[in-house]
Amino acid sequence: MSEDTAPQEDTEPQQELGPYGCPESEALGERTIHPNREQWLETAQGLLDDGWTMCFDLTAVDYLTYAPSRNLPAGVNEERFEVVAGFISHSSGTRLRAKAQVPASDTSIGSLTSIYPGVDYLEREVFDMFGITFEGHPDMSRILMPETWEGHPLRKDYAVGGIPVQFKGPQGG
Numbered sequence: 000m001s002e003d004t005a006p007q008e009d010t011e012p013q014q015e016l017g018p019y020g021c022p023e024s025e026a027l028g029e030r031t032i033h034p035n036r037e038q039w040l041e042t043a044q045g046l047l048d049d050g051w052t053m054c055f056d057l058t059a060v061d062y063l064t065y066a067p068s069r070n071l072p073a074g075v076n077e078e079r080f081e082v083v084a085g086f087i088s089h090s091s092g093t094r095l096r097a098k099a100q101v102p103a104s105d106t107s108i109g110s111l112t113s114i115y116p117g118v119d120y121l122e123r124e125v126f127d128m129f130g131i132t133f134e135g136h137p138d139m140s141r142i143l144m145p146e147t148w149e150g151h152p153l154r155k156d157y158a159v160g161g162i163p164v165q166f167k168g169p170q171g172g
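Each residue of the sequence shown is one higher than the last, beginning at 0 in numbering that gives the first Met the number 0.
Warning: the hint list may mix true and false statements.
What the hints assert, rightly or not - Here are the in silico distance ranges between beta carbons for each label pair:
| id | residue 1 | residue 2 | range |
| --- | --- | --- | --- |
| 1 | Gly160 | Gln44 | 36 to 42 Å |
| 2 | Val159 | Gly92 | 38 to 44 Å |
| 3 | Pro18 | Gln165 | 34 to 40 Å |
| 4 | Leu71 | Asp49 | 29 to 35 Å |
| 5 | Ile162 | Gly74 | 23 to 29 Å |
| 6 | Trp148 | Thr64 | 19 to 25 Å |
| 7 | Glu41 | Pro163 | 49 to 55 Å |
| 8 | Asp48 | Leu143 | 17 to 23 Å |
| 9 | Leu16 | Thr147 | 26 to 32 Å |
| 10 | Asp105 | Gly161 | 31 to 37 Å |
| 11 | Pro163 | Ser91 | 51 to 57 Å |
| 12 | Glu77 | Pro163 | 45 to 51 Å |
Please keep in mind that the hints were generated in silico from the structure rather than gathered at the bench. All C-beta atoms in this analysis are idealised placements derived from N, C-alpha and C, irrespective of residue type, glycine included.
Go ahead and model the full structure; you've got the sequences and the hints to work with.
See below:
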C-alpha cells in the first residue's frame, strides 16, 4: 500500500470520561461534570456516596437565543435547556457542578429529591420558571406564579408583558 492509499487515522480527540462515566470540564477553577439525562440520577447518587453531601443549588438555563457555540466537552450535544446543580463536599471543602442538557422536545429530567431532599423547592422553581418537569418529584406544582398562570416566564420565547404605571404629582408639596 502506498502512502497515498494508507488508511487515515482517526484524528478526533477521544472523549475523556470522569469517575462518574460522563465528560468533565473545568472553568474558573471549578470542576464540572456533564451527565446526560439518563445518567443524571445515577450520577447524583454516586456523588452522595462519594461524600458530596449537599446539593446547594439547582437551576436551569434557556439557550434559545444564544448564538455562539457553547464550550461543552466532546460527546455533549447542545440542547436548548441545561439543568445545573451545584454540590459541595464538606470534608474536602470543594465544590462540583453538574450540567445536563435537556431538549425542547422533551423537557423532563429525573428529580433529585429522593437523593438530596433539599432540592424540593429548587426543582419546583425551575419547573415554574422554565417548564422543565422533574420526574418523580413529590409535588411538581408552581411555587412562584399562580396556578392559573400560563407559560414559563424565564423561557426566552416568553412574551415580555407590562403593567401600566400611573404617575402622580409630587406628594406633600
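Hint-by-hint comparison with the structure:
1. Gly160 / Gln44: 36 to 42 Å: holds (41 Å)
2. Val159 / Gly92: 38 to 44 Å: holds (42 Å)
3. Pro18 / Gln165: 34 to 40 Å: With Cβ atoms ~59 Å apart, the hint is violated.
4. Leu71 / Asp49: 29 to 35 Å: violated (23 Å)
5. Ile162 / Gly74: 23 to 29 Å: For Ile162 and Gly74 the Cβ distance comes to about 45 Å; the hint is violated.
6. Trp148 / Thr64: 19 to 25 Å: This hint holds: roughly 22 Å between Cβ atoms.
7. Glu41 / Pro163: 49 to 55 Å: Once the Cβ atoms are compared, 50 Å apart, the range 49 to 55 Å for Pro163 and Glu41 holds.
8. Asp48 / Leu143: 17 to 23 Å: Because 33 Å falls outside the window, the suggested range is violated.
9. Leu16 / Thr147: 26 to 32 Å: 45 Å Cβ-Cβ, so the 26 to 32 Å window is violated.
10. Asp105 / Gly161: 31 to 37 Å: holds (32 Å)
11. Pro163 / Ser91: 51 to 57 Å: holds (53 Å)
12. Glu77 / Pro163: 45 to 51 Å: violated (39 Å)
Of the numbered hints stated above, those contradicted by the structure are hints 3, 4, 5, 8, 9 and 12, listed in ascending order.
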